[in-house]
Amino acid sequence: MTTDTFDRSRDLSQPLDRLGPDETMKDGSDFLRGSIAQGLLDRITGAMPSENDVKLMKFHGIYQQDDRDLRDERRHQKLEPAYQFMIRVRLPGGVCAPAQWLKLDELARAHGGETLRITTRQTFQFHWVLKDSLRPIIQGLHDTLLDTVAACGDDSRGVMCTVDPQSSQFHAEVAAMAKHVSDHVIPKTRAYHEIWYGDERVASSEPEEPFYGRTYLPRKFKIGFALPPSNDIDVYAQDLGFIAIGGPEGLEGFNVVIGGGMGRTDQAPATYPRLASLIGFIPVEKVVACADSVMAVQRDYGDRKDRQRARFKYTIDDKGLDWIKTEIEQRMGAFFEAARPFSFTSNGDSYGWNSTPDGCHHRTVFIRSGRLDRKLLDTLRDIARVHRGTFRLTPNQNVIIAGVQEEERPTIDALLAEHGHDADTVAPFRRNAIACVALPTCGLAMAESERYLPTLLEKIERILDRHGLADEPITLRMSGCPNGCSRPYIAEIGLTGRAPGKYNLYLGGGFHGERLNRMVRENIGEAAILEVLDQALGRFAVEREAGEHFGDFTIRAGIVREVTEGRLFNE
Amino acid sequence: MTHHTPPGPTLTPDQWRLVHELGSALSASQKHWLSGYFAGLGDRSSHSTAPGPLPSPPVRTITVLYGSETGNASELARALATSARATGLVCEVVDMADYKTRRLAGEEDLLLIVSTYGEGDPPQPATGFFEYIEGRKAPKLDGKRFAVLALGDSTYEFYCEAGKRLDRRFEELGAERLVPRVDCDIDYEEAAESWTQAIIEQLGTEAAPTMIAAAAAHSTASPTVIHDKRYPFPAPVIENIAIVGRGSSKETRHIEFSLEGSGLVYEPGDALGITATNDPAIVATLIDALSLHADTEFEHKGKALRLDEALTHRFEITAATPRFLDYWAMLSEADTLRQLQQDDRSGDRSVFLHTHHIVDIVRRFPVEAVTPQGFVSALRPLQPRLYSLASSLAAAPDEAHVTVAPVRYDLHGDPRSGVASGLLADRADRDTVLPVYVQNNPHFRLPVNDETPIIMIGAGTGVAPYRAFLQEREVRGAGGWNWLFFGERNFRTDFLYQAEWQTWLKDGTLRRMDVAFSRDSNEKIYVQHRMKEQSRDIFAWLEEGAHIYVCGDAANLAPDVHNTLIDIVAAEARTGREAATDYVRSLQSDHRYQRDVY
Ligand code: SRM
Ligand SMILES: Cc1cc2nc3c(=O)[nH]c(=O)nc-3n(C[C@H](O)[C@H](O)[C@H](O)COP(=O)(O)OP(=O)(O)OC[C@H]3O[C@@H](n4cnc5c(N)ncnc54)[C@H](O)[C@@H]3O)c2cc1C
Ligand SMILES: Cc1cc2nc3c(=O)[nH]c(=O)nc-3n(C[C@H](O)[C@H](O)[C@H](O)COP(=O)(O)O)c2cc1C
Ligand code: SF4
Numbered sequence: 001m002t003t004d005t006f007d008r009s010r011d012l013s014q015p016l017d018r019l020g021p022d023e024t025m026k027d028g029s030d031f032l033r034g035s036i037a038q039g040l041l042d043r044i045t046g047a048m049p050s051e052n053d054v055k056l057m058k059f060h061g062i063y064q065q066d067d068r069d070l071r072d073e074r075r076h077q078k079l080e081p082a083y084q085f086m087i088r089v090r091l092p093g094g095v096c097a098p099a100q101w102l103k104l105d106e107l108a109r110a111h112g113g114e115t116l117r118i119t120t121r122q123t124f125q126f127h128w129v130l131k132d133s134l135r136p137i138i139q140g141l142h143d144t145l146l147d148t149v150a151a152c153g154d155d156s157r158g159v160m161c162t163v164d165p166q167s168s169q170f171h172a173e174v175a176a177m178a179k180h181v182s183d184h185v186i187p188k189t190r191a192y193h194e195i196w197y198g199d200e201r202v203a204s205s206e207p208e209e210p211f212y213g214r215t216y217l218p219r220k221f222k223i224g225f226a227l228p229p230s231n232d233i234d235v236y237a238q239d240l241g242f243i244a245i246g247g248p249e250g251l252e253g254f255n256v257v258i259g260g261g262m263g264r265t266d267q268a269p270a271t272y273p274r275l276a277s278l279i280g281f282i283p284v285e286k287v288v289a290c291a292d293s294v295m296a297v298q299r300d301y302g303d304r305k306d307r308q309r310a311r312f313k314y315t316i317d318d319k320g321l322d323w324i325k326t327e328i329e330q331r332m333g334a335f336f337e338a339a340r341p342f343s344f345t346s347n348g349d350s351y352g353w354n355s356t357p358d359g360c361h362h363r364t365v366f367i368r369s370g371r372l373d374r375k376l377l378d379t380l381r382d383i384a385r386v387h388r389g390t391f392r393l394t395p396n397q398n399v400i401i402a403g404v405q406e407e408e409r410p411t412i413d414a415l416l417a418e419h420g421h422d423a424d425t426v427a428p429f430r431r432n433a434i435a436c437v438a439l440p441t442c443g444l445a446m447a448e449s450e451r452y453l454p455t456l457l458e459k460i461e462r463i464l465d466r467h468g469l470a471d472e473p474i475t476l477r478m479s480g481c482p483n484g485c486s487r488p489y490i491a492e493i494g495l496t497g498r499a500p501g502k503y504n505l506y507l508g509g510g511f512h513g514e515r516l517n518r519m520v521r522e523n524i525g526e527a528a529i530l531e532v533l534d535q536a537l538g539r540f541a542v543e544r545e546a547g548e549h550f551g552d553f554t555i556r557a558g559i560v561r562e563v564t565e566g567r568l569f570n571e
Numbered sequence: 001m002t003h004h005t006p007p008g009p010t011l012t013p014d015q016w017r018l019v020h021e022l023g024s025a026l027s028a029s030q031k032h033w034l035s036g037y038f039a040g041l042g043d044r045s046s047h048s049t050a051p052g053p054l055p056s057p058p059v060r061t062i063t064v065l066y067g068s069e070t071g072n073a074s075e076l077a078r079a080l081a082t083s084a085r086a087t088g089l090v091c092e093v094v095d096m097a098d099y100k101t102r103r104l105a106g107e108e109d110l111l112l113i114v115s116t117y118g119e120g121d122p123p124q125p126a127t128g129f130f131e132y133i134e135g136r137k138a139p140k141l142d143g144k145r146f147a148v149l150a151l152g153d154s155t156y157e158f159y160c161e162a163g164k165r166l167d168r169r170f171e172e173l174g175a176e177r178l179v180p181r182v183d184c185d186i187d188y189e190e191a192a193e194s195w196t197q198a199i200i201e202q203l204g205t206e207a208a209p210t211m212i213a214a215a216a217a218h219s220t221a222s223p224t225v226i227h228d229k230r231y232p233f234p235a236p237v238i239e240n241i242a243i244v245g246r247g248s249s250k251e252t253r254h255i256e257f258s259l260e261g262s263g264l265v266y267e268p269g270d271a272l273g274i275t276a277t278n279d280p281a282i283v284a285t286l287i288d289a290l291s292l293h294a295d296t297e298f299e300h301k302g303k304a305l306r307l308d309e310a311l312t313h314r315f316e317i318t319a320a321t322p323r324f325l326d327y328w329a330m331l332s333e334a335d336t337l338r339q340l341q342q343d344d345r346s347g348d349r350s351v352f353l354h355t356h357h358i359v360d361i362v363r364r365f366p367v368e369a370v371t372p373q374g375f376v377s378a379l380r381p382l383q384p385r386l387y388s389l390a391s392s393l394a395a396a397p398d399e400a401h402v403t404v405a406p407v408r409y410d411l412h413g414d415p416r417s418g419v420a421s422g423l424l425a426d427r428a429d430r431d432t433v434l435p436v437y438v439q440n441n442p443h444f445r446l447p448v449n450d451e452t453p454i455i456m457i458g459a460g461t462g463v464a465p466y467r468a469f470l471q472e473r474e475v476r477g478a479g480g481w482n483w484l485f486f487g488e489r490n491f492r493t494d495f496l497y498q499a500e501w502q503t504w505l506k507d508g509t510l511r512r513m514d515v516a517f518s519r520d521s522n523e524k525i526y527v528q529h530r531m532k533e534q535s536r537d538i539f540a541w542l543e544e545g546a547h548i549y550v551c552g553d554a555a556n557l558a559p560d561v562h563n564t565l566i567d568i569v570a571a572e573a574r575t576g577r578e579a580a581t582d583y584v585r586s587l588q589s590d591h592r593y594q595r596d597v598y
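Heads up: the sequence lines are chains A and B, in that order.
My numbering numbers the first residue of the first sequence as 1 and each following residue consecutively.
My numbering numbers the first residue of the second sequence as 1 and each following residue consecutively.
To be clear, the hints were calculated from the coordinates, so they are not data collected in a lab.
Every residue gets a Cβ at the ideal spot worked out from N, C-alpha and C, and that includes glycine.
Don't take each hint at face value.
Straight-line alpha carbon distances no greater than 20 Å define the calculated DMTMM-like cross-link-like pairs of lysine to aspartate or glutamate that follow [unchecked claim]:
id : chain 1 : residue 1 : chain 2 : residue 2
1  : B       : K100      : A       : D72
2  : B       : K250      : A       : E80
3  : A       : K222      : A       : E206
4  : B       : K506      : A       : E209
5  : B       : K532      : B       : D514
6  : A       : K78       : B       : D507
7  : B       : K140      : B       : E189
One-sided and incomplete, this derived list gives chain B residues near chain A with beta-carbon spacing under 7 Å [stated by the list, open to error]:
id : residue
8  : G118
9  : T155
10 : V182
11 : V448
12 : Q498
13 : A499
14 : E500
15 : V515
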């Protein structure tokens, strides 16, 4: 198939007035500058006065939010909503040096409501940031060589990379690769430096965005590197995933998967989660060319009319996987080799201490929903003050104190014990549960998630106990809305919010992220959720085969029909 | 006549007996006051909400009101308007979020499109409208017609509930249903389309101009007595809320009274007088400390009084006065007090009085056998307190809004509250009735000429009258530019009426606004600093003939602003301080520089 045989009425080839409003907005933004600098000076509102600037700031890693708990109260008080901002750091591979940790800690205490949030894409978020604190935080990060460029927005986000010590032969190598790709795909505009660091604008004849151009990508784009046997990053949820393949001589290359994504919208069947498709193998030196080519295809053919269908996954399903693959190969100037064999065992974390051949030790500390409250900040600050390795943030929102020498282990243990954080005491079910942020900060939340998860888990644990499944690892992921920030559609038990106290319930996801789940009940409350789970788990306890995972069982037992392909998710 | 034969058919013998008994128990002035009270009451029961007849336009005007979160309802609203206009109908589309509820009186045909969220709630932006329409302050809607299109999702328990609520409520309020409500599920297009068509046909086929019904509802209150300081009007509290956010160091409140039936009128700039009473708890403590009895009757100025009532209603019993000091010094013969009486001790005296309430003195210097007569003779009569009116009758007919900062402080380890502000903050929930009157303030008035620009400067509750100014100028469609300087402690919690200023800035009613929050940063920023930053423009506005207003704290704000003003003139006109002072003085004598400080 050639490009002119199919519909191009919705992509970059069209004039702006034929595309969605955001395209015009981006085009007119002077490479993400907009009127952000002026907006910061407005004293009448704690928000950004211009809608466009609110959108543009996402490209700078900043989201305008408001404390939703206070909305009604403040309306009665004739006050505007309690506007505040969320700032997301760009932290390729989730690796962070102790010095950087201490800076983040300091900034969070000073300007971020004394909390930090570890995200499902291995980075930090500040919440509760007031307008006047934006510059102090971003400049503070700059001091420690961190930034927030394109942590959100229609561009390539921070690149993920497996951190699980189980898979660490090539960790250093692949992590470096992730960092390299992240730096390569980052937007090049100087807007960020001008607005946040106060740099002068320098005239230049060079194009400001050689790759992205004036309108960037149709939508966000996510890249991740996985090291089997761990699929902690959920490589199948990435727009572009690289699966490391090693041989006797070390890292040989990567299997490439494309078109993953979770986001969907209730009552909109044209939207659905999709697992990335495996399209072949490339040698190490082709990685950057491959990333460029894949992103270029999405840049040129992605839907710029309807943001609901602008993700790469839909471009692929609309244009056809084969055609997309060929297009990538043409741009990459090389063919994909046949995919190499590999196997994943889990997408969870390995808790407690793990050691690696290089003689280093790594301690995974369980952080409930990635929320570092005052107490946890204190703990980890104490550790960061003595730790000589690095910190790694896991895609399951936990922290790994990595690269600890034998003789330092006792110190770390002592500090953890002193603060009463002993991951090994956390029940398996809890360790494998993820909740997105949701209320009160997330503007899109329809129901609670992070704040409600503990309550729900407790009730489910009682059911597990009753069925003697207390030690069974089962993945449960809850999102406050269908966007699926906790990657709920690949969990064995998935929940997405519909309205206060109401969720859709999904079952049948693959234990290591290899299969989507399917909705079994729509828009139900806690009682109904527990009832359905009680029955399913009850049967699992008695009918399961040896080593069979809950997700696999629900399908074999016919409790839910298998979803073989994203576009069949809604049928 | 005896009380067995009631005069006229209106009263039953029993009622008449009660009246007779009451009458004989009342003083002349009380009778007079009550006559006004009943006049007021009687009048309130025959409602008088409509603001008078409006000129009836050729065709009934249609307003399409929508409440929407994700845009469906708003799209449908626009679509409806377009096809309505196509058939020559006059039609306006308004978001419930921006709708000025006072417009309701003038509406004719209202088409409502609203979606549902959460537990059958309206969309966030429409919450305000719903609270108003479903609340006690909702006007009667006789003569108006309406239709509701409800958007929803049948998988929810409360399907299209918001729409259903409006449909119900508008009927209750007396509006006539144009076409039956239609509930739309997620695939709303067709259902919505047919509803739209039904309406267009109905309205399109209607004949000539219809008379406006609102006029019928019109009736003017004609109270039989003028309410003033001596005969205040018992006004029900209809709203009393804190308007500072969580964690504020203040507890400023917004309080609304109903003046319905009082015949009271006021202009922006006037103040509301409130006849406060003392906290019963404090009265009790004091009587106790005096070892007297609440029900003791005694003679005062030829009238028989009950001690507790006298202390509650008639006298200041908290702040002590020199007169009381003398009285208590005499009774107690306490040296400390005697000393303080001496002329050369005036400084210590005022400090003492400032730090001792009457009860503190009574406790500290006990006296045997105090007589009620003697005691009250040393007290000051309880004075009403004034609060700048924060509303305009043009915008809020029959209402009086005030902004109150409760006075709180500790003395000798006990928390103390101001008499009036404490009452308003702690013992004036909705429906409480408090005696009020209007205190005219001819020296704080909007320019007669609507085209004249004004600069308003206020801190804290000093911003209250400016809310009235803007409401008035907005309704009058005054063209003159308005510039507001506002100061308080913290932006996030203390930005009084923030949302309202923002709306006025958006629609241009407020041309400029500068704010100073003194506790957000280390260096204390006050309004006068913001004025300095705007020095050139302020002077330019003055040269343009702008009027300038200052309201709020008399101790610091007023003098600081005054001097700043002189500095600004000196700097911008490049004259000496002398000349600048004259310039400002002449502004005052021309009544272009007006102050309302307390
Ligand atoms: C913090 C985080 C959840 C967490 O608990 O960790 C998160 C939080 C938010 N996500 Fe997400 N997403 C997060 C990972 C994800 C993931 C998981 C992943 O990428 O592996 C997904 C699903 C994968 C995908 O992209 O499909 C995800 C899919 C979304 C979507 C749906 C996108 C779509 O294609 O439909 C939105 C909404 C949107 O983009 O319109 C969204 C939007 C948001 C926003 C920014 C809400 C908004 O747009 O206003 C949330 C901020 C809430 C808050 O107060 O912090 N977030 N979001 C994760 C931050 C990741 C990071 O560091 O970059
Ligand atoms: C024209 C005008 C307009 C006004 N507008 C407003 C308005 O819009 N909003 C508003 O809130 N107020 C306004 N006021 C002030 C208001 O009238 C009252 O004066 C105020 O509310 C205090 O009255 P109160 O009865 O509550 O306190 P009071 O019982 O009169 O107590 C006040 C007294 O308490 C004593 N006191 C206060 N603090 C301390 C302390 N720390 N230690 C010891 N003693 C102390 C002082 O003697 C002070 O005089 C206005 C006043 C005027 C004249
Ligand atoms: C978070 C959420 C909660 C909802 N709750 C309800 C509900 O309780 N009842 C209902 O009938 N519809 C409910 N809906 C459906 C909406 O009312 C419906 O999508 C409507 O078309 C939205 O119109 P709008 O775009 O004008 O807001 C809900 C939708 C969302 C997103
Ligand atoms: S899933 Fe929805 S509610 Fe949760 S963080 Fe993402 S956008 Fe917010």
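Comparing the hints with the structure gives:
1. K100(B) / D72(A): Holds, at roughly 19 Å.
2. K250(B) / E80(A): Holds - the C-alpha atoms of E80(A) and K250(B) are around 18 Å apart, at most 20 Å.
3. K222(A) / E206(A): Violated, at about 27 Å.
4. K506(B) / E209(A): violated (35 Å)
5. K532(B) / D514(B): holds (11 Å)
6. K78(A) / D507(B): holds (17 Å)
7. K140(B) / E189(B): Status violated; Cα separation ~33 Å.
8. G118: Result: holds, 5 Å to nearest chain A Cβ.
9. T155: holds (5 Å)
10. V182: Because about 19 Å separates V182(B) from the closest Cβ in chain A, which is outside the 7 Å limit, the hint is violated.
11. V448: violated (30 Å)
12. Q498: Since the shortest Cβ distance to chain A is 5 Å, the answer is holds.
13. A499: holds (5 Å)
14. E500: With Cβ-Cβ at 6 Å, under 7 Å, it holds.
15. V515: Nearest chain A Cβ about 5 Å off; hint holds.
Against the hints set out earlier in the document, violations occur for numbers 3, 4, 7, 10, 11.
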